[in-house]
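Residue numbers (numbering that gives the first Met the number 0), protein chains in the order written: chain A, 0 to 361; chain B, 0 to 498.
Among the clues, some could well be false.
As the list claims (entries may be wrong) - In silico DSS-like links for lysine-lysine, alpha-carbon gap of 30 Å or less:
(1) A:K239 <-> B:K277
(2) B:K306 <-> B:K277
(3) B:K306 <-> B:K1
(4) B:K277 <-> B:K250
(5) B:K1 <-> A:K354
(6) B:K75 <-> A:K354
(7) A:K239 <-> B:K52
Stated by the list, open to error - Which chain A residues stay away from chain B? Per the calculated CB distances, all over 12 Å, these:
(8) L21
(9) M172
(10) W223
(11) G231
(12) K239
(13) G247
To be verified - Examples of chain A residues lying across from chain B (beta carbon under 8 Å, computed):
(14) F118
(15) K177
(16) E178
(17) N181
(18) P183
(19) H227
(20) T229
(21) Y232
(22) A243
(23) A252
(24) S327
Because the hints were derived from the structure by calculation, they are not lab data. Beta carbons: idealized from backbone N, C-alpha and C, even for Gly.
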Amino acid sequence: MKFFIYLSNYFSNRETIQEIFLIPVIATLLAIFLGLLLLIVSGSSTQIALTALVALFTGSFGSLSAISETFTAATPLIFAALGIAVGFRAGLFNIGAEGQIILGGMAAVVIGFSFQLPFAIHLIIILLSGALFGAFYAFIAGWLKATTGAHEVITTIMLNLIAYRLLDFFLRMPAIQKEGRNDPISKSIFETAELPRILYLLDPNLRVHMGFLIAIVAVFFVYWLIFHTTIGYEFRAVGKSVEASKYGGINPAITIVLAMSIAGLLAGLAGACQIAGVLGRATPGFSAGIGFDAIAVALLGRAHPIGVLFAGILFGALIAGGRAMQVSANVSLDLITVIQALIIIFIAAPILIRKLFPWIFK
Amino acid sequence: MKLKLNEISKSFGPVKANSDINLTVNRGEILGLLGENGAGKTTLMNILTGLYKPDSGSILIDNQLKVFHNPREANKNGVGMVHQHFMLVPVFSVTENIILGTEPTTTFNKIDLTNAKEKVLKISSEYNLDVDPNQLIEKLPVGIQQRVEIIKILFRDAEILIFDEPTAVLTPQEVVEFFEIIKNLKKAGKAIIFITHKLHEVLEVCDRINVLRSGKIVGEELPKKTTNKKLAELMVGRKVNLKTNRQIVEKGEVLLEVNNLSILSENKEPLLSNLDVKLHKNEILGIAGVQGNGQTEFIEALTGLRKISSGKISYFGKECKNFSPRKIHQLGVRHIPEDRQKQGLIGDFSLTENIILNTYYEKKFSNNIALNWSNAKKEAKRIIEKFDVRTNSEEISADKLSGGNQQKLLIGREMSRSINLLIASQPTRGVDVGSIEYIHNQIVMARNKGIGVLLNSTELDEIIALSDRIIVFYEGRVIAEFPSNADPNIIGLAMAGVN
Ligand SMILES: Nc1ncnc2c1ncn2[C@@H]1O[C@H](COP(=O)(O)OP(=O)(O)OP(=O)(O)O)[C@@H](O)[C@H]1O
Ligand SMILES: [Mg+2]
Chain A
0 MKFFIYLSNY FSNRETIQEI FLIPVIATLL AIFLGLLLLI VSGSSTQIAL TALVALFTGS
60 FGSLSAISET FTAATPLIFA ALGIAVGFRA GLFNIGAEGQ IILGGMAAVV IGFSFQLPFA
120 IHLIIILLSG ALFGAFYAFI AGWLKATTGA HEVITTIMLN LIAYRLLDFF LRMPAIQKEG
180 RNDPISKSIF ETAELPRILY LLDPNLRVHM GFLIAIVAVF FVYWLIFHTT IGYEFRAVGK
240 SVEASKYGGI NPAITIVLAM SIAGLLAGLA GACQIAGVLG RATPGFSAGI GFDAIAVALL
300 GRAHPIGVLF AGILFGALIA GGRAMQVSAN VSLDLITVIQ ALIIIFIAAP ILIRKLFPWI
360 FK
Chain B
0 MKLKLNEISK SFGPVKANSD INLTVNRGEI LGLLGENGAG KTTLMNILTG LYKPDSGSIL
60 IDNQLKVFHN PREANKNGVG MVHQHFMLVP VFSVTENIIL GTEPTTTFNK IDLTNAKEKV
120 LKISSEYNLD VDPNQLIEKL PVGIQQRVEI IKILFRDAEI LIFDEPTAVL TPQEVVEFFE
180 IIKNLKKAGK AIIFITHKLH EVLEVCDRIN VLRSGKIVGE ELPKKTTNKK LAELMVGRKV
240 NLKTNRQIVE KGEVLLEVNN LSILSENKEP LLSNLDVKLH KNEILGIAGV QGNGQTEFIE
300 ALTGLRKISS GKISYFGKEC KNFSPRKIHQ LGVRHIPEDR QKQGLIGDFS LTENIILNTY
360 YEKKFSNNIA LNWSNAKKEA KRIIEKFDVR TNSEEISADK LSGGNQQKLL IGREMSRSIN
420 LLIASQPTRG VDVGSIEYIH NQIVMARNKG IGVLLNSTEL DEIIALSDRI IVFYEGRVIA
480 EFPSNADPNI IGLAMAGVN
């Protein structure tokens, strides 16, 4: 316990240990419980509900391959949510991670199949290109806000829609579309551009890849950025008070553009990691709503990098466990969506949780 | 109604904000509450209005035990508070603000604005609280906004009224009107608690005075049998020199020169017209004037926070064209802004984070990329110590400090670094007598050391006590200039536009 208190004091910007750890954990357990209750109320037997519950846990943490799946699903979520967290700190509500992921993924695909390079170099370039394009796409929204005052929620939603259409168009371009296919699907990237699976030696089927390790590095990098650099200080100051930041000699417009760009950079990395680590090519739905789930992850993690890491793994576990649940208990994957939504409700209402479990927060 | 607080105690972690406080207020009585910054006045009132839960002790109204879980319950029992920082919705009308939370309705839950307006008018004529119920809050001066706050609690049938530093933000004329209002309320049988740092005010309107120090009641005085000096001593626990010693010093070269400065508002109305101002080395130049006559805009222009329309601002002999706040700060110009909560500090930031607000990029605190938190922390500790900011840690957030201690932190930050010129707006707003003495001495010492000080204050007493020269702002112009020994009455007339 002492360690956790130390951790929370050290890592947090005065968020208490309860806010960073206890509330998310309780919210999740409560949400799972209510989700299963919903299952029973809607006519399933207790037996099935229990099977589903067991599958949810074994499918996410019950075996090495389950853990591998959890981490694989968590990887892009962590990247994108880190970006959204940076935005939150600067007072920006970036709904555009989805579009930024798409742009980053598109760039990665092109770099991945266009040429062959030595292994490490190719990998670095594919990730950089993803980051760059994600950053550029978010920059547009930041720039619009800084110059015209256009609200980022509106512009990023628009940019998401544009990104979807752009992807459709992109996948049918002759230079991109896989030879001999009529459906929109891109060529596959070369093996030199793939993120290696880290547990390959144990079992080649374990999908967790190097992107997960990079995500953890990113967590610490973003932590350092937010709390230990002048730029992070500017982000937080502008996020808390534009007036006081101006007084302090900070230029809010530049700060907003920069924060947005870094958010997009991280989301772009999420896209590139999905392409280079899991999918190998782009299809119309390859972003899979990760950019939206990431908003939930960032909120669950209280816009704190360490919180985002745990929240990302938790959501990864829900995805991996959800799939197992679907297989062994024949329960619809929609239940996972319900559970995710419930988690958000509980997170958004920490007071509710405090009221429900007063003895924990003494 | 009669209010009695019985043995109230409240701690925040290791800080004992209130310990065993006993206090009574009767019907038709005004109780003055004095105390140093951080003595626990606001905390006690927050307990009384149900915002905080006391650790121990009880509240009795008409000898009946009451427990309030929130301000609404306190309201229902006749307790209402006018906070130092108003809680009004700027884009709502006066009436809408007043009924917020207790909206009277007709059938189908439609808000009954007509009836509400009538009640508002009735209250305002009953207690001489002149307001236009249809006006938007953002269009109203502070003094009128305060009246809205008062009507708001009367609308909820408050019998016990609490005012937390109500006069800190008022102009002298508004203070006079405010006193009329609370005297009326007293006549109508209300029980009133009045918190202030201005001793002459309690002597003027209160029936009884209680003094708090370090969370305890240290004395009760009657206005007729006490003096400024005695009250100050009781508050601070030592002798206080209420007069500032200001030897005459020969003034030096011009540090700041403003030529023909004009500023237009967005609708092209003049905010400042053709201003010429000079500030010298070893000089304190006081800006007197009723709030809202262009002082704020003038200072924003000087500190790079507002674009000028025409004219010239020169620091140290060099013109500053479109200089950013940072660039001006780097010239050694320090700015104490008039609104500490909006501009000077970030409430959610720790004291350490606040200490580096306008210096975080300097060598001492960063290497251009990473921040040096240990230096920042050291600096915070030094300022907290030197300026007697009452806190037990530099890691708590600034909004946890009492109002006056926030001000001391801000002043400390601006005055404890290398400095060539000081622009101070309302430097002692909400600060207790002991600290005013300290801050005034610091300002005079800075001036003796060769610094130029531009002092903007709505307190004429403060301007007269400190300034070597006084200029008066009226409707965006400097309409008069006085030497330091001018007659306050004549300055007062100039402030009203009589030349
Ligand atoms: N929410 C809080 N959390 C922690 N400490 C607090 C909190 N509110 C007040 N305090 C502390 O309690 C003490 C009393 O503060 P309070 O605001 O009551 O002072 P005050 O008498 O109103 O001072 P001032 O004249 O400066 O307004 C201070 O030391 C302050 O730092
Ligand atoms: Mg106070």
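Notebook entry, point to check: Broken hints, numbered, in rising order?
Noted result: Failing hints, ascending: 1, 3, 5, 10, 11, 12, 13, 14, 15, 16, 17, 18, 23 and 24.
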